[in-house]
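Q: Oh and the sequence shown: position 46 is 144 in the working numbering, straight run, nothing missing.
There may be inaccurate statements among the hints.
DSSO-like, lysine-lysine: derived pairs with alpha carbons at most 30 Å apart [stated by the list, open to error]: (1) Lys454 / Lys410; (2) Lys623 / Lys637; (3) Lys530 / Lys623; (4) Lys623 / Lys536; (5) Lys623 / Lys549; (6) Lys492 / Lys637; (7) Lys496 / Lys454; (8) Lys454 / Lys536; (9) Lys630 / Lys660; (10) Lys492 / Lys623; (11) Lys296 / Lys215; (12) Lys660 / Lys623; (13) Lys298 / Lys496; (14) Lys163 / Lys298; (15) Lys492 / Lys660; (16) Lys492 / Lys549; (17) Lys496 / Lys296; (18) Lys549 / Lys454; (19) Lys630 / Lys454; (20) Lys536 / Lys549; (21) Lys536 / Lys496; (22) Lys496 / Lys660; (23) Lys163 / Lys215; (24) Lys127 / Lys215; (25) Lys127 / Lys163; (26) Lys630 / Lys549; (27) Lys637 / Lys660; (28) Lys492 / Lys630; (29) Lys530 / Lys549.
Simulated restraints, written as ranges between beta carbons of each label pair [said to hold, decoys possible]: (30) Gln456 / Pro355: 26 to 34 Å; (31) Asp460 / Asp599: 31 to 39 Å; (32) Arg663 / Arg442: 46 to 54 Å; (33) Gly280 / Ala379: 37 to 45 Å; (34) Ile527 / Arg435: 50 to 58 Å; (35) Gly418 / Lys296: 44 to 52 Å; (36) Arg442 / Arg347: 38 to 46 Å; (37) Leu499 / Arg435: 43 to 51 Å; (38) Ala528 / Asn449: 38 to 46 Å; (39) Val204 / Ser246: 14 to 22 Å; (40) Arg663 / Gln456: 32 to 40 Å.
If you are wondering where the hints come from, they were derived from the structure by calculation, not from laboratory data.
Backbone N, C-alpha and C fix where the C-beta goes; we use that ideal spot for every residue, glycine too.
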Amino acid sequence: MLVSLMQIVGVLIPLAGCIAMLRSRFESKTAVHLLMANFGCMIMNAGCLLVVIAGNSSEAISAFKTEYLGNALFYFFFIMFLAEFLQIRLPKLLPPVWAGLECLLVAVVWQDSLREKLIGNIWFESVAGWNILSAVVPQSALWLIRCSCLCLVLIAGLIYSAVRMVRTDLPAERYTLARITGAQLTVALSLLIQLLAKPKVEIVPIFASLALLAVVISVYTDGFFGITDSGHEWVFRQMEDAYILTDSRRGFLDANPAALRLFPELENLRRGTALPEQINAMLDEEHGNEEDGAERPAASGVMYDGRFYEKKVTRLEKNGRLIGYALLLDDDTEQQRYSNLLSRYNNELQNEVSEKTQHIQDVLNSIITGMASVIESRDNSTGGHVRRTSRVVKVFAKRLLQNADELNIDAAFIQHVIKAAPMHDVGKIAVKDAVLQKPGHFTDDEFNEMKRHPAAGAALLEEILCETDDEELARVAVNVAHYHHERWDGSGYPDGLSGTDIPLEARIMALADVFDALVSPRCYKEPMSFDKAFEIIAKGLGRHFDPVLGAIFLQCRPELEKLYRSMRGPSESGCDPNNASG
Numbered sequence: 099m100l101v102s103l104m105q106i107v108g109v110l111i112p113l114a115g116c117i118a119m120l121r122s123r124f125e126s127k128t129a130v131h132l133l134m135a136n137f138g139c140m141i142m143n144a145g146c147l148l149v150v151i152a153g154n155s156s157e158a159i160s161a162f163k164t165e166y167l168g169n170a171l172f173y174f175f176f177i178m179f180l181a182e183f184l185q186i187r188l189p190k191l192l193p194p195v196w197a198g199l200e201c202l203l204v205a206v207v208w209q210d211s212l213r214e215k216l217i218g219n220i221w222f223e224s225v226a227g228w229n230i231l232s233a234v235v236p237q238s239a240l241w242l243i244r245c246s247c248l249c250l251v252l253i254a255g256l257i258y259s260a261v262r263m264v265r266t267d268l269p270a271e272r273y274t275l276a277r278i279t280g281a282q283l284t285v286a287l288s289l290l291i292q293l294l295a296k297p298k299v300e301i302v303p304i305f306a307s308l309a310l311l312a313v314v315i316s317v318y319t320d321g322f323f324g325i326t327d328s329g330h331e332w333v334f335r336q337m338e339d340a341y342i343l344t345d346s347r348r349g350f351l352d353a354n355p356a357a358l359r360l361f362p363e364l365e366n367l368r369r370g371t372a373l374p375e376q377i378n379a380m381l382d383e384e385h386g387n388e389e390d391g392a393e394r395p396a397a398s399g400v401m402y403d404g405r406f407y408e409k410k411v412t413r414l415e416k417n418g419r420l421i422g423y424a425l426l427l428d429d430d431t432e433q434q435r436y437s438n439l440l441s442r443y444n445n446e447l448q449n450e451v452s453e454k455t456q457h458i459q460d461v462l463n464s465i466i467t468g469m470a471s472v473i474e475s476r477d478n479s480t481g482g483h484v485r486r487t488s489r490v491v492k493v494f495a496k497r498l499l500q501n502a503d504e505l506n507i508d509a510a511f512i513q514h515v516i517k518a519a520p521m522h523d524v525g526k527i528a529v530k531d532a533v534l535q536k537p538g539h540f541t542d543d544e545f546n547e548m549k550r551h552p553a554a555g556a557a558l559l560e561e562i563l564c565e566t567d568d569e570e571l572a573r574v575a576v577n578v579a580h581y582h583h584e585r586w587d588g589s590g591y592p593d594g595l596s597g598t599d600i601p602l603e604a605r606i607m608a609l610a611d612v613f614d615a616l617v618s619p620r621c622y623k624e625p626m627s628f629d630k631a632f633e634i635i636a637k638g639l640g641r642h643f644d645p646v647l648g649a650i651f652l653q654c655r656p657e658l659e660k661l662y663r664s665m666r667g668p669s670e671s672g673c674d675p676n677n678a679s680g
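Given only the sequences and the hints, what does the whole structure look like? Please build it.
A: Now the structure itself:
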């Protein structure tokens with residue numbers, strides 16, 4: 099009964115190992131070999147159990163065949179697992195050749211005639227006092243060679259891992275190699291005892307199960323750091339940046355030398371002990387913004403002990419379960435100092451460049467405005483027109499911004515129109531003095547001469563502003579000069595554009611230009627009253643002016659009347675527009 103129970107346990111242990119490995123979904127070659135070793139061990143123990151409880155020799159021989167199949171699977175995959183895990187490079191042909199030989203031996207054992215010829219006749223005898231059957235295998239040359247080779251391989255691996263365990267300075271690698279050495283020792287000793295002492299009860303299967311149990315438990319208790327992972331630990335110890343590992347509850351696990359230098363109090367902490375307050379605070383800052391299940395590092399800066407560190411906190415997960423945190427502190431003090439110096443220098447340089455650029459732009463605007471004023475001084479009939487229309491545009495602009503969404507404009511566009519307004523008549527520089535200074539109405543030829551100034555102004559501004567950095571201002575200024583005499587119905591000049599084909603900035607300028615011409619005195623006419631001027635503007639909507647812009651312009655009447663009354667002086671006309679005849 100005791101032997102049967104022992105064999106049942108021997109079946110259950112590798113079965114549990116198989117289930118655990120499958121649930122963990124390990125995909126490495128090492129894990130697959132360990133899974134198959136558990137599977138082979140389970141079959142071997144199951145076959146041994148069937149031999150024990152067999153009622154006769156016929157049943158026992160069938161069970162023995164199953165036991166040997168599991169035995170072959172176990173040894174092959176267990177040794178392959180050891181080689182893979184210990185990173186022992188085997189000749190490429192060795193695994194397939196060995197697997198082929200094991201398959202042949204399984205075939206020999208399963209084929210009665212071959213088994214009797216090559217191994218000998220296997221019989222079964224009842225163990226006195228146990229009421230069980232035990233297989234007696236002849237010590238044939240083939241059987242002894244296989245068992246001897248297995249022993250030598252296991253002993254060689256045992257010596258390799260033991261030497262490696264003694265030589266290593268890394269605790270994690272030492273613990274891992276100790277477990278692997280223990281597992282190999284268990285299997286090797288059980289095989290030697292079975293060969294030399296020839297006990298009546300098969301002991302290899304149950305000891306193989308116990309060896310695998312230790313290995314599988316290691317997989318789940320500490321992630322099973324292997325030789326490769328020990329290399330990772332070596333890198334961990336050599337890192338210049340401080341690195342701290344915690345468990346899922348933020349209990350201390352490990353810290354590299356750089357972290358111990360930065361936080362000497364960690365030297366005396368035991369595993370699982372609460373972290374110092376300042377380290378907990380660093381973790382807390384990241385957890386507040388962390389999404390559940392996120393594995394990405396969260397980075398930020400932190401000042402500690404007078405130095406600046408780039409901080410990265412990473413969630414450590416295994417099989418979707420949080421197992422801890424990693425805190426990395428990268429000393430970035432010098433880089434931060436250089437970055438701050440460079441940033442400050444860039445800001446100062448940018449401010450200086452902006453100031454110089456603005457100064458150049460202001461000078462350019464002043465030159466153009468001054469040039470427009472000089473040109474206007476040649477025109478006896480329009481004194482102060484440039485200054486007044488510019489102010490009208492500013493008043494108009496405030497109303498336009500209130501309707502910015504409807505007109506699809508923004509403040510930057512309006513500022514460009516305001517800057518361009520003084521340049522709208524700059525093309526008069528190309529008009530003959532005799533025409534420009536004529537005190538009365540123009541003849542047809544003279545009017546045609548005057549109509550040259552929009553195109554001439556646009557060409558002049560294109561040449562002057564071609565090098566400016568503000569390309570949008572140049573475009574708006576050219577359009578204002580070129581098209582401010584165009585009319586909504588297409589009857590204007592110089593190109594006869596109509597409707598929305600006329601640039602928006604030119605349509606805005608047209609209202610300001612005409613309004614000033616109506617309410618300002620000329621040498622050949624008196625100023626028109628505000629009532630009459632606004633009436634003309636209103637009647638011109640849809641013919642002379644953009645109806646939408648014109649409606650907005652009419653809303654500016656209170657501000658425009660106030661503006662023109664404030665500009666009246668002895669240099670212009672002493673008459674009040676509201677008292678003029680129109």
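Q: Taking the CB of arginine 663 and the CB of arginine 442, does the distance hold inside 46 to 54 Å?
A: For arginine 663 and arginine 442 the Cβ distance comes to about 51 Å; the hint holds.
Q: Would the pair lysine 637 and lysine 660 pass a check requiring their Cα atoms to be no farther apart than 30 Å?
A: holds, 23 Å
Q: Please test the hint of 37 to 45 Å on the beta carbon pair from glycine 280 and alanine 379.
A: 43 Å Cβ-Cβ, so the 37 to 45 Å window holds.
Q: Would the hint linking lysine 163 and lysine 215 be met if the CA-CA limit is 30 Å?
A: holds, 16 Å
Q: Do the alpha carbons of lysine 660 and lysine 623 lie within 30 Å of each other, as the hint requires?
A: Holds: lysine 660 and lysine 623 sit about 22 Å apart, inside 30 Å.
Q: Holds or violated: lysine 630 and lysine 454, Cα atoms, limit 30 Å.
A: Violated - the C-alpha atoms of lysine 454 and lysine 630 are around 47 Å apart, more than 30 Å.
Q: Starting from lysine 496, check that the Cα of lysine 660 is at most 30 Å away, please.
A: holds, 15 Å
Q: Quickly compare the C-alpha distance for lysine 623 and lysine 536 to 30 Å and report which way the hint goes.
A: holds, 13 Å
Q: Is the Cα-Cα distance between lysine 496 and lysine 296 30 Å or less?
A: violated, 108 Å
Q: Hinted pair, alpha-carbon criterion (30 Å max): lysine 454, lysine 410. Please report holds or violated.
A: violated, 42 Å
Q: Could you grab the alpha-carbon distance between lysine 492 and lysine 660 and see if it respects the 30 Å cut-off?
A: The given pair, whose Cα atoms are some 13 Å apart, holds under the 30 Å limit.
Q: For the pair supplied as a hint, lysine 163 and lysine 298, confirm whether the alpha-carbon distance does not exceed 30 Å.
A: holds, 18 Å
In terms of the numbered hints stated before, the structure departs from hints 1, 8, 13, 17, 18, 19, 21, 24 and 30, listed from lowest to highest.
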